[in-house]
Amino acid sequence: MEENKKTPPQTVEELKCKGNECVKNGNFIEAVLHYTHAIKMEPTNYVLYSNRSFAFLKLDQHYLSLQDANETVKLQPQWAKGYFRRAEVEAASGLLDEAIISYTRALQLDPQNPKLMESIRNITDTQKKKLKGHQNTIWICTCIGLIVGILVVVLDYSLTTNPTLTNPLSMVAFSIAMAGIGFGIGKGATLMTVWGAGNSLQPPVDLGK
1 MEENKKTPPQ TVEELKCKGN ECVKNGNFIE AVLHYTHAIK MEPTNYVLYS NRSFAFLKLD
61 QHYLSLQDAN ETVKLQPQWA KGYFRRAEVE AASGLLDEAI ISYTRALQLD PQNPKLMESI
121 RNITDTQKKK LKGHQNTIWI CTCIGLIVGI LVVVLDYSLT TNPTLTNPLS MVAFSIAMAG
181 IGFGIGKGAT LMTVWGAGNS LQPPVDLGK
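When we follow the UniProt record's numbering, the leftmost residue of the sequence shown carries the number 1, and every step to the right adds one.
Derived from the structure by calculation, the hints contain no laboratory data. Among the clues, some could well be false.
Unchecked claim - Calculated lysine to any residue pairs in the SDA-like style (CA-CA distance at most 20 Å, straight line):
{"hint": "1", "residue 1": "58", "residue 2": "11"}
{"hint": "2", "residue 1": "187", "residue 2": "158"}
{"hint": "3", "residue 1": "74", "residue 2": "201"}
{"hint": "4", "residue 1": "128", "residue 2": "94"}
{"hint": "5", "residue 1": "130", "residue 2": "183"}
{"hint": "6", "residue 1": "18", "residue 2": "42"}
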């Protein structure tokens, strides 16, 4: 009776290759498992952290992806790809200013990389569009507030027997006040968007507590 042959242990390189193959096929959860196994065997291998960071990002696990990107940079601070990984997570999380800094650091280490140059251009354009969108929101809310104020004044004057606003100055002041309220609402909405950036980088809830 033949003895059961034991499967030889997988090497770090084999696990990394399996993880890379899973990434190519879109099997990101399986890729994470292979990279994690390899990292346990070789915890100072910065390439493994970089690859796992990418897999986590594809799974929208921004917190874990950023942790691995930071570990990549810590282990190999002169490797441009580590900063690129960090920038990708920051960009996906809405932290555009931080992403530009990380992309720029990567470009300093790899100045001839066209992908980095394109990434910086794209995120700069995104930032400009976002700023323009915020300005448009504030402007629209202000105009709506002004229109509402004018309508209230007109309706109050034309439909009521004893109008509340009879003095032209009070009518103007009320309309301006309503525009100010609209401005405040628009500004608040844009601030909420800004404050919401980076929320996906919060650590996962520990259900054991």
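Hints, verified against the model:
With a C-alpha separation of about 25 Å, the suggested pairing of residue 58 with residue 11 is violated against the 20 Å cut-off. Of the pairs offered as hints, the one joining residue 187 and residue 158 is violated, with about 33 Å between alpha carbons and a cut-off of 20 Å exceeded. Straight-line distance between C-alpha atoms of residue 74 and residue 201 comes to about 19 Å, which keeps the hinted pair within the 20 Å bound. For the given pair, residue 128 sits about 13 Å from residue 94 by alpha-carbon distance, which is consistent with the 20 Å threshold.
Proximity of residue 130 to residue 183 is assessed by CA-CA distance (about 18 Å); at most 20 Å being required, the pair is judged to hold. Restraint check for residue 18 and residue 42: the C-alpha separation of about 16 Å stays at or below 20 Å, so the hint holds.
Violated hints, in rising order: 1, 2; the structure is consistent with all others.
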